[in-house]
Amino acid sequence: MYRSLSLSILFHAGIFAITFFTLPFIVKKPIDVPPIISIDLIQISEKTALPFAPKAREIIEKIKEEKERVVTKQAPPKIVKKEKQDAVPMPDQIKKKKPKETDKQNPEEVKDEIRQSSEFEKKELFDPNKIAALIDKSKEETADIQQKQSLEITQDQDSTVSLDKGLTITQEDAIKAQIFKCWNIPLGLPYDEDLTVRVRLKLNKDGSIMSSEILDHVRMNRPGQGFYKVLAESALRAVRLCNPLKMPATGHDKWKDLQLNFDAKEMLRG
Amino acid sequence: MKKILVTLFLILFTSKSFAVVTIDITRGNLEPLPTAISNFYIDNPEKFSEKIKSLKLEENLPKVIKGNLMRSGLFYVLDNKSYIQQPKLSHLKPRFEDWRLIKAQIMVSGKLRIDDKGRLRVEFRLWDVVSAKEIEGLALFATPSSWRRIAHIISDKIYQRLTGEEGYFDTRIIYVAESGPKTQREKKLAIMDQDGANNKFLTLGNELVLTPRFSPNGKMVTYMSYFKNLPRVYLLNIETGIQEVVGDFPGMTFAPRFSPDGRKIIMSFARDGNSDIYTMDIESRRVEQITSNPAIDTSPSFSPDGRFIVFNSDRSGFQQIYTMRSDGRGVKRISRGKGLYGTPVWSPRGDLIAFTKIHKGKFYIGVMRTDGTGERLLTQNFYQEAPSWSPNGRVLIFYRETAGGKKGQGSSAKLWAIDITGYNEVKIKTPTDASDPSWSGLLSK
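Each protein sequence line maps, in turn, to chains A and B.
For the first sequence, position 195 (counting from the first letter as 1) is numbered 196 according to the numbering used here, and the numbering increases by one without interruption.
For the second sequence, position 227 (counting from the first letter as 1) is numbered 244 according to the numbering used here, and the numbering increases by one without interruption.
Worth flagging that the hints you see were computed from the coordinates, not collected in a lab.
Treat each hint with caution, since some may be false.
[Said to hold, decoys possible] If the Cβ cut is set under 10 Å, some of the chain B residues that face chain A in the computed set are:
hint: 1; residue: GLY45
hint: 2; residue: ILE123
hint: 3; residue: SER429
No residue lacks a Cβ here, since even glycine has one placed at the ideal position from N, Cα and C.
Generate the whole structure from the sequences, applying the supplied hints.
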């Protein structure tokens, strides 16, 4: 009796000792106070569209100059410079160098954009009766530019263009949020299968949909792919319900071709 | 060399696709789909006799469809009063702007006709209002008296077309209708349509009946009944009304269920305080013992492919859920949570097992995957049990008793249905108290 009791006590004491020495939380250490980190609040769009930002800044500056030349009174003071200072300096400076090099390689492209945007700014200054004419002009011009680009694209240019494309995360989120509301997910779909419907959109400048197309439409009409058809149709309904999309006021070139991948897996798994 | 060239080309080619902004849409709206169901219009009213006219099919048929879709929780049917266009015109060519105006995304229209043979011809069309096109159209024939089934079949078609999943409206439910005081309860077998219509009693109530289950084709029912105080499993043909005892067991048999091919009945047989699982071939009457364990094994249910059986057993000391192969080998415990688990039922889809769980005096209905993972409790109450699957494996029907006084006065038992997402709990109307529901397969299959 006593023997077993003492044995038991011994073993228990042993276990206590082991836990005391091995488990870290029992040993109290003074809490390390983390060093204070200063945080600057910045616009996420500056970070997410980095390849575009330096170019844009140049463009905006040029526009600004032009504006100052035309009418100094009406032009509102731009905060562009301030943004520059607030932004985190390190990555900006690094990336500044790269686009400059590319600028030299294909200066034409930048010029096009300058012309386009300056036209825009001027529009506000002219009398409203001429707006219609201006819009027409701008259409012609953009068409010209598009043609030029499509003719002159080389492999190098193409890769730089692809860097310039792409929306910022906030812009993307804004589009997502719109579609989320419009999309009624068909709840009967199997959640184990790979069901992603890719819809290609062509958008007008006002965000209205010029055309919508399902990329894998062959699969839609294949026998045994009933689920896919249901999902594809729901995706098309969502796109049409959301028409016109609220898109950023500028940069039509960036978002005129849009591909939406509708994937219900996450939602259906719950 | 060729390969390298091809890959190079592919790389260059694919780099071009970056030009398009791609956005992943991984979330959406889980709100019910706004749907409009227009009244149907009568094509040849001169052929409609007074009797058929009194059925008011042009209103009632869409009403039954509306009830079905609303109960599913996946559709919201807009109020008739908001519809702008006349039924006749909307069936020929809807003015989609009008329907878009009331925020409908889907519209259903229909036409009724009595043909030369006196049959009812129902034509319906399903319109995608947003895309402005017809997505389904069908004509069905039947005797005018079976118009409810037509409405259910149309509901199934709509459901399938818009959710991608088979419907469950053209089905029936068999249950135990209860009446009288708790101490002297009268229990009858009753059958009704899935929406509670066409309620019929199949037995007189002289004997106690429990746990009725449909055969896969919906023509037979197996259940347990106390005849001369001996509980035994019976087989009932719904069409002929013929009843018979299943097997000649020297003791009590209970918890019967059909195999997925409808050829066998699987049940528990109790002797000397021990119960094991047996199957019996309906045609040859050959009996096979599946489990032989000193514990109580009961509530067996086949997987839809017939290869596995799920059952509950107290061999671990507490009642838990086990699976095994259909020959009784490879027994595996799958329920791992706290509490007692019972009445497991394999989903017709094959992916889930529904069960009743008792924990800390509360009753839960839940589902888990077939390996026991992913346990989800859908609903909790004072007393509820016996879940049964809808044929598409999306909805569970079960019964729930409310707490009464000390002697059970004032308590009531009713049928409820719940979606496997845990949303959309609805009470199913029955003329009397009800328990032990079992859902049939699709009748039109």
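Hints, one by one, checked against the model:
no.	hint	result
1	GLY45	4 Å, holds
2	ILE123	9 Å, holds
3	SER429	32 Å, violated
Hint violations for this structure: number 3 only, all remaining hints satisfied.
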